[in-house]
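Engineer: Protein sequences appear in the order of chains A, B and C. Okay, so the first sequence: first residue is 1 according to my numbering, each after it adds one. Okay, so the second sequence: first residue is 1 according to my numbering, each after it adds one. Okay, so the third sequence: first residue is 1 according to my numbering, each after it adds one.
In case anyone wonders, no lab produced these hints; they're calculated from the structure. Treat the hints with caution; some may be incorrect.
Take a look, some chain A residues computed to stay more than 12 Å from chain B by CB distance [unchecked claim]:
(1) Lys14
(2) Ile32
(3) Gly72
(4) Glu81
(5) Asn83
(6) Phe110
Just some of the chain C residues that point at chain B, by a computed CB distance under 10 Å [stated by the list, open to error]:
(7) Ala23
(8) Arg55
(9) Gly105
Glycine residues also receive a C-beta, built at the ideal position from the N, C-alpha and C atoms.
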Amino acid sequence: MDSFISKLQTALRKHYWNRFPNTEDNSSHRKIRPVEDMFEYVFKAWNAKLDRKTECALAGSKLLDSVLDNTGRRFASNVEEANDLYLAGMDAASFLWDELDETRGNQSSFQIKVNEIITALQKESALGKEE
Amino acid sequence: MRNLKWHIVAVTIIALSLAGIYFSTHLFIPTSAQGAPRIIDVETKQFAFTPETIHITTGEEVIFRVTSTDITHGFYIDGFNIFTDVPPGETVEIGPVKFNDPGKIKIRCATLCGPLHPFMVADIVVEPNTPYYLFFAATIVVGIGSIVYLNKPRQSPALLKRLFDFEIDLLKIKKIGPLLKRVLQWRGIHFALLLPNLLIFVIVLASGFFGNPMGALNFSIAVVWILWFAAVEFMILFASRFWCTVCPLPAFGEWLARRRLAAVHEPKKWFSLKKVWPKSLDNIWIAALGFLGISLIIPWLVTRPVVSGLLFITLIVAALVLHLIYTERHFCLHVCPASAYIGYHASASLLAVRSRDKSICDKHIAKECVRGGPKGYGCPWKRYPGGLDWNNYCGQCFECLKACPLDNMTLKYRAVDKDIQAKTHTKTDEAWMGFIRFTLAVFYELVFFGPYFWIKDWGNMGITMGANLLSINLLTPTLQGFRNWLGWAVIVSSVALIIFPAVFFVFSWLAKRAAKDKENTSKNVFLAYSYSLAPYGLLLWIAFAITLVAVNWAYPMRAFSDPFGWGWNLLGTGNLAWRPFMSNYIPLIQAPIVFVGLVLAITSTHRIGLNLFKDQKKAFRGTAVMGALHTLMAIIFITLLMG
Amino acid sequence: MSDSYKNDSNGRKKHWAIWEILALLLLIGSVVATASAPLLDSFLVGVKPNEVLIRMYAEEAGGFEPSGIVLIQGVTVRLVLMSMDVTHSLVIPDFDFDSGPVHAGYRKVIEFTPDKVGTFMFYCNTICSSMHPFMNGVLDVIQG
Chain A
1 MDSFISKLQT
11 ALRKHYWNRF
21 PNTEDNSSHR
31 KIRPVEDMFE
41 YVFKAWNAKL
51 DRKTECALAG
61 SKLLDSVLDN
71 TGRRFASNVE
81 EANDLYLAGM
91 DAASFLWDEL
101 DETRGNQSSF
111 QIKVNEIITA
121 LQKESALGKE
131 E
Chain B
1 MRNLKWHIVA
11 VTIIALSLAG
21 IYFSTHLFIP
31 TSAQGAPRII
41 DVETKQFAFT
51 PETIHITTGE
61 EVIFRVTSTD
71 ITHGFYIDGF
81 NIFTDVPPGE
91 TVEIGPVKFN
101 DPGKIKIRCA
111 TLCGPLHPFM
121 VADIVVEPNT
131 PYYLFFAATI
141 VVGIGSIVYL
151 NKPRQSPALL
161 KRLFDFEIDL
171 LKIKKIGPLL
181 KRVLQWRGIH
191 FALLLPNLLI
201 FVIVLASGFF
211 GNPMGALNFS
221 IAVVWILWFA
231 AVEFMILFAS
241 RFWCTVCPLP
251 AFGEWLARRR
261 LAAVHEPKKW
271 FSLKKVWPKS
281 LDNIWIAALG
291 FLGISLIIPW
301 LVTRPVVSGL
311 LFITLIVAAL
321 VLHLIYTERH
331 FCLHVCPASA
341 YIGYHASASL
351 LAVRSRDKSI
361 CDKHIAKECV
371 RGGPKGYGCP
381 WKRYPGGLDW
391 NNYCGQCFEC
401 LKACPLDNMT
411 LKYRAVDKDI
421 QAKTHTKTDE
431 AWMGFIRFTL
441 AVFYELVFFG
451 PYFWIKDWGN
461 MGITMGANLL
471 SINLLTPTLQ
481 GFRNWLGWAV
491 IVSSVALIIF
501 PAVFFVFSWL
511 AKRAAKDKEN
521 TSKNVFLAYS
531 YSLAPYGLLL
541 WIAFAITLVA
551 VNWAYPMRAF
561 SDPFGWGWNL
571 LGTGNLAWRP
581 FMSNYIPLIQ
591 APIVFVGLVL
601 AITSTHRIGL
611 NLFKDQKKAF
621 RGTAVMGALH
631 TLMAIIFITL
641 LMG
Chain C
1 MSDSYKNDSN
11 GRKKHWAIWE
21 ILALLLLIGS
31 VVATASAPLL
41 DSFLVGVKPN
51 EVLIRMYAEE
61 AGGFEPSGIV
71 LIQGVTVRLV
81 LMSMDVTHSL
91 VIPDFDFDSG
101 PVHAGYRKVI
111 EFTPDKVGTF
121 MFYCNTICSS
131 MHPFMNGVLD
141 VIQG
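Here chain A stands alone, though its shape is the one from the complex:
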């Protein structure tokens, strides 16, 4: 579980959070919104009984798209940003997809898992900043 979180966190820190002024703290909703958007997408896609591989890939694209939207951009600044966010998103989405498979789409346990992940992202980023 940890690997995809740190991957996600690295990607977000490198391409998204670094665009925010330092005064904003990590609990700012906007910093987490792309992740929420992506997880919301995974939930919908899972419930629509679509293909896992395709939808997790699309979830990765969704993460990138949401990051772009939340930074007022139409296009990614470079290929690296597009790739990093896409891959990180895809891995996170795959994990949650498997979770949904296990819990048979139980919404509350899905929400709990999502909150866990988000908390982990925020905590680690806070630690990271102090260094």
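For this one, chain A is given, so just place chains B and C on it according to the hints.
Structural biologist: For chains B and C alone, coordinates are given in the frame of chain A:
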């Protein structure tokens, strides 16, 4: 610069001498009539003049005594302000008409007399036919000149390089570029373009089924087969598959399958069986043979509203059904006959959808252009937009411009045979599409605007009535009529599918031998060379389209005011008179277009040869042989126009 | 980096539904309106109250439309003769009426005052197809 100067000098000398020869013919016109005017008897019937060809000497004065053996016809001569009715049972005297200009002009029927009225044509050859001799010679000069030039193609001076090797990123042009980009990336653009077109189709279907059975007065014939059809040929050259961009045939299927009219639905749950298209049909054979099939019924298709209506409703239903079974644009890719020919020539278009920087695409992992993403669907034409280098199967729906998150997709304007230059293509279905299109361009010019009644009659099954859905019984042929049609079908099919390809094969085999090549199979050389017909055929079709519009522009203009042919006048153009536009000069406009086609055919032949033989000398020898065939075909076409 | 982001997540994504519905309404409305255009024929053909429209088709394709006309004795009407496919003409022998040839796609407007009461035949007088001799109609003139 020395080369450029000699180029200009040579061209100027040739042009001046040709002009000189042309105008000198006027010096020999007798200024006074020699004796009484000549009397020529002309008979009219549905749908021919007898005699079919009349020879007149320059300077002669003629009185035409015209009669009709069936119903009221009309008499018009290219370049003269004569529009005379010829009622049945009377002899109408027209003239004296003085023919001062040598060359070939047409007599055309000037009074609507039935479905084949626009093609009721006879030839007048005013001798000596110096314009024809001139252009005959010019064709040979252009053909041989192009071949000779390619023997040692000079390093093009910077100016010529800019003319023939350019590439412009349209979305980066100052001011217009960003605006165009915003428009193309707006999700509503496709719907906005489709809706008016869809309404036009509604009119086409309604008028085709229920409107005036006389084609020339019906929107479904007049607008579709004169205006749209000609416009598409120009569109292909200047805007690639732009017709496919706005085509409403697959609209219903696509909207239903996507469950959206414009937005991207997330997650993408398709309303479709999502079956996989069979591999054996992963080509354009159905479409190409469909196009040929249409040509077998073309005399009816372009004159009987109900036939056009039935064709279009069939295509719409097919597109809808296929979209719901296979999703994506498989109808467009593999079934639609228009798509087949538009796609075939699109490789010779100036416009192309391309990625800006392929290295960015190479590094990009997600490839939303193929898979789809939040901002756009994946390419419905099943292409990889990032690596696109061949126009033929990109339908210009601009989804990739919307889907790409890296701003790497764009529109480019570039030299005509760039796609053909890139690599060798040897697909049999594409080759045959090329043969069919090329043959039909020549064939239609001969049949529709030539004076030979028998072939028109065979294709028409001898029926003189128009028809809409309610009177479709009027299209019942006699047994003899049907037999004649079979003759027509055999002629068209054999020339397009067998005879011309066979001739082309012989020449390409000779070209391979002349090049002393042992690396390629004869079949590959044959197929590869066929792609030179992409620009060549397109330009011949443009030449054909020019006649169509120049002579008959009034019919579509009327149809916009009176789509059903019932006497409406919505826009004020309902009573426009039929007045051919500069009809005696049409061949002079068509000839340069043929020459451009010939030059493009020969230059792309050479590029294909370079790709095949990888050696300038070998390629040149191949080009010389193929160039001879191309020049021969140009001479045939020029003869049809002017000889 | 601008702060003026679009509406919050929930608002932004919901907009598309409104546009889709509008587009759908526009689509259905315009298609229905266009398809219904033929119904407006009697309005769009531009025939005034004291005018009588007669469309002339070759007999195989319907002949005169309408093929039966009722007029009132002594009342002047304007006959609007429209040829639909080839050149036709209309003659009413009992009234010495001859419209002369009318070309396809055009109309001729001729004033006519029926001065006799009764039932009369009218014919096409310009050979227009193989069934031309059968192209006729009936004119009923009633008491004014």
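Engineer: Hint by hint, note whether the structure agrees.
Structural biologist: Here is what the structure says about each hint:
no. : hint   : verdict
1   : Lys14  : holds, 16 Å
2   : Ile32  : holds, 18 Å
3   : Gly72  : holds, 14 Å
4   : Glu81  : violated, 9 Å
5   : Asn83  : violated, 5 Å
6   : Phe110 : holds, 16 Å
7   : Ala23  : holds, 5 Å
8   : Arg55  : holds, 8 Å
9   : Gly105 : holds, 5 Å
When held up to the earlier numbered hints, the structure conflicts with 4, 5 and fits the remainder.
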